[in-house]
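Q: Those protein sequences? They're chains A and B, same order as listed. Taking my numbering, I'd label the letters of the first sequence as residues 1 to 135. Taking my numbering, I'd label the letters of the second sequence as residues 1 to 280.
Take the hints with a grain of salt, since some may be wrong.
Stated by the list, open to error - For the chain A half of the interface with chain B, some residues (derived, Cβ under 7 angstroms), not all of them:
| id | residue |
| --- | --- |
| 1 | Thr-19 |
| 2 | Arg-20 |
| 3 | Ala-55 |
| 4 | Tyr-56 |
| 5 | Leu-57 |
| 6 | Trp-60 |
| 7 | Leu-97 |
| 8 | Val-100 |
| 9 | Met-106 |
| 10 | Gln-115 |
Just so you know, the hints here were simulated from the structure itself, not pulled from any lab data. Here a beta-carbon is modelled for each residue, glycine too, at the ideal position from N, C-alpha and C.
Residues per chain are reported as follows:
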Amino acid sequence: MSITDIHAYLAEFDDIPGTRVYTAARARQGYHLNQFCMSLMTPENRARWKADEDAYLADWPLSAAQKAAVKARDYNLLLDLGGNIYFLAKIFSTDGLSFVQAVSTMTGMSVADYQAMMIAGGRSPQGVRSIKGGY
Amino acid sequence: MARITHGLASSHIPAIGVAMDLGKTGEAYWQPVFAGYQWTRQWLAETRPDVIILVYNDHASAFDMKLIPTFAIGCGERFQPADEGWGPRPVPDVIGHPDLAWHIAQSLILDEFDMTIINELRVDHGLTVPLSACFGQLPQWPAKVIPLAVNVVTYPPPSGNRCWALGEAIARAVASFREDLNVQVWGTGGMSHQIQGPRAGLINREWDNRFLDGLVGDSDHLRHIPHIEYLREAGSEGIELVMWLIMRGALGRATRALHRHYHVPASNTAVGHIILEPLS
């Protein structure tokens, strides 16, 4: 049962609609971005971040695109730029947002519509399992 | 000798912990979630496990990107709740069982599972929420806990097959510990959920319930589910369910279910919970 073809294993991840799997390639691209997020775990750093986001970001070797996406709280773009959701959560928790509030921003739905969808049983997997297969 | 008496699986949704910590469990939204744990609380009070081997994953709390162990075992005396950004949860410290934990660590390494050993570890909601859901709010946890952390965040996580085999090795290790202990193995996380990207909010009730079905009886087909199936069917965070297979693997050839609970939603996630007894 061991995986012998790593290329085929990784290629399948790109076939899932609306999903960024946190692969090693993303982990490398997002290393400093995610470690920046981790730095927000202390009250002192959160206070410094809230006081001046630009000054705080100046200390971190993020790309210009990553810095702009952090400032814009564009979480889908941050996922594309190597961010991982559990690390990005440090940004939105510092903003005072819950997971539901922050996650809904990635779906193009309002928080109320997203919450209503969850209470109604969540998003159906029908049609969003595979891009190529369309099932 | 020590023996594994039961397996338990539970989601570890952070909002469940928040609901308990803020006294919201009586609200209409939360009542059906907690109703499924009432049986468990009574049962745990009667069965009184000495030690729980609690399989969970850290969520950028104790481990960041500096260090990513695939399988790690907590061998320390005591583990404090982590501050996940809102302050540590107001729950008791988790008390370890270093003698058994070190025995398992040594046994697993000799059994060719190359574990990472942790002595200092802050435990996040992945570990404390199942304790809260299953025991309720208590001044101290009524069992010792051995944390077993699994990487399910950075790909690739371990295969389901490897998780199942690790559970089998844990069972061998526990069986060779020369103290009479009632040990349970808990697998946590899941069930279907996705908390990232435009597909966020995915829930797959049918797939989840087939997974629950598959834990019961003498089939081991769940160990062969590839990662891509978890991702497609149970959402990007549904991959946490491989951790339930460590629990199932530890129970041996066949099981029966004592209790089962499923509810949608809690926050972004399908709540799943099952208690299994090994059949010899």
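Q: State for each hint whether it applies.
A: Against the structure, the hints come out as follows:
Below 7 angstroms, beta-carbon pairs count as interface contacts, and Thr-19 of chain A has one with chain B at about 5 angstroms; its hint therefore holds. Hint status for Arg-20 of chain A relative to chain B: holds, with the closest Cβ pair at about 6 angstroms, below 7 angstroms. Checking Ala-55 of chain A against chain B by beta carbon gives a least distance of about 21 angstroms; that is not within 7 angstroms, so the hint is violated. With 7 angstroms as the threshold, the beta carbon of Tyr-56 of chain A stays out of range of chain B, its nearest partner Cβ sitting at about 16 angstroms, so the hint is violated.
Annotation: Leu-57 of chain A was flagged as interfacial toward chain B, and the flag is violated, the nearest CB pair being 18 angstroms apart, outside 7 angstroms. Checking Trp-60 of chain A against chain B: minimum C-beta separation of about 13 angstroms lies over 7 angstroms; hint violated. Interface hint at Leu-97 of chain A: violated, since its Cβ lies 11 angstroms from the closest Cβ of chain B, which is beyond the 7 angstroms cut-off. Evaluation of the Val-100 of chain A hint against chain B yields a held restraint, the C-beta minimum of about 6 angstroms falling below 7 angstroms.
The beta carbon of Met-106 of chain A comes within 5 angstroms of a beta carbon in chain B, closer than 7 angstroms, and the hint placing it at the interface holds. Using the Cβ-Cβ criterion of 7 angstroms, the hint placing Gln-115 of chain A at the interface with chain B is not satisfied: the shortest such distance is roughly 9 angstroms.
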